[in-house]
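**Q** Sequence:
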Amino acid sequence: ENGRVQAGLAGRAERLRDSAIFQRQIKNEIGNFAVELLLDGSGSQSERQAQVTFQGYIIAEALSLCKIPCRISAYATFLDYTILRQYKDYDSPREQNKKIFDFFGTGMNRDGFALRAVTERMSKRPEENKILIVLSYGKPNDVRVFKKAAESIEIHEYSGEAAVKDTAAEVRKLRLQGISVLGIFTGLETDLPAQQKIYGQDFAYIKDLKNFAKTVGTYLKKELRKFS
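Just so we're aligned, residue 30 is where the sequence shown starts under my numbering, counting upward by one.
No lab work stands behind these hints, which were simulated from the structure alone.
Here are the simulated SDA-like cross-link-like pairs (lysine to any residue), alpha carbons at most 20 Å apart as the crow flies:
| hint | residue 1 | residue 2 |
| --- | --- | --- |
| 1 | Lys202 | Ala191 |
| 2 | Lys251 | Ala91 |
| 3 | Lys202 | Arg145 |
| 4 | Lys159 | Ala146 |
| 5 | Lys255 | Gly229 |
| 6 | Lys127 | Gln80 |
| 7 | Lys251 | Ile208 |
| 8 | Lys153 | Phe62 |
| 9 | Lys194 | Val172 |
| 10 | Lys243 | Ser209 |
| 11 | Lys159 | Lys202 |
| 12 | Lys239 | Phe132 |
| 13 | Lys202 | Gln225 |
| 14 | Lys159 | Lys251 |
| 15 | Lys159 | Ala242 |
| 16 | Lys226 | Arg145 |
| 17 | Lys251 | Glu157 |
| 18 | Lys243 | Leu211 |
Ranges of calculated distance between the beta carbons of each label pair, as one might list FRET restraints:
| hint | residue 1 | residue 2 | range |
| --- | --- | --- | --- |
| 19 | Lys202 | Gln78 | 28 to 38 Å |
| 20 | Leu205 | Gln35 | 42 to 52 Å |
| 21 | Ser75 | Gly40 | 49 to 59 Å |
| 22 | Ala36 | Phe130 | 46 to 56 Å |
| 23 | Ala79 | Lys226 | 26 to 36 Å |
| 24 | Ile235 | Gly32 | 36 to 46 Å |
| 25 | Lys202 | Asn61 | 21 to 31 Å |
| 26 | Lys96 | Gln225 | 32 to 42 Å |
| 27 | Ile235 | Leu94 | 18 to 28 Å |
From a predicted model like this one, the values you see are computed outputs, not experimental measurements. We treat Cβ as the ideally placed atom computed from N, Cα and C, and that holds for glycine.
Build the full structure now, drawing on both the sequences and the hints.
**A** Encoded structure:
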């Protein structure tokens, strides 16, 4: 069941207590899949840019080495626009991973709208299995700070319970399309209930960004077991 014994390694079992002396071919029955890494690029990340960048780069490199298509983007809202900045596309060469070092945190975060854009992009991919990983620092929040805009009755603030419900609805839409979604939160404990409402069971809270890449790796392994 373990495969064919490699005669040249057989002695290791006795001397080194190393049982890795068999060779077996295992067919890949997982199927094709793709990963989307979406980063909160709002001003709340401005003091953590280096950490976000390095952890994102580690993930991108690991996926590239495994020949897994991966797209990396960051989202932020500035004035009346939500900007989705793409650092690496699925089919870009591995060298493109370095573009993540251009990451810069500024503006607000309209999470629901960003997820809606990602849904449209991912739905066009040919892969059978799709995984979206979202790194966020705070609750969805896009509040107009300019007096003229704030006084307009046609503009509704995107914050609080309304913003949480909107983002949670977009997460449900993704999952209904068969896209696995993991929310990773690195912000304040007071914002935890809102994040849990949005992402449900597939949610991770990490206090140290150094654990970001490790958490993503653990989740991807779990998802691979589902697909096998």
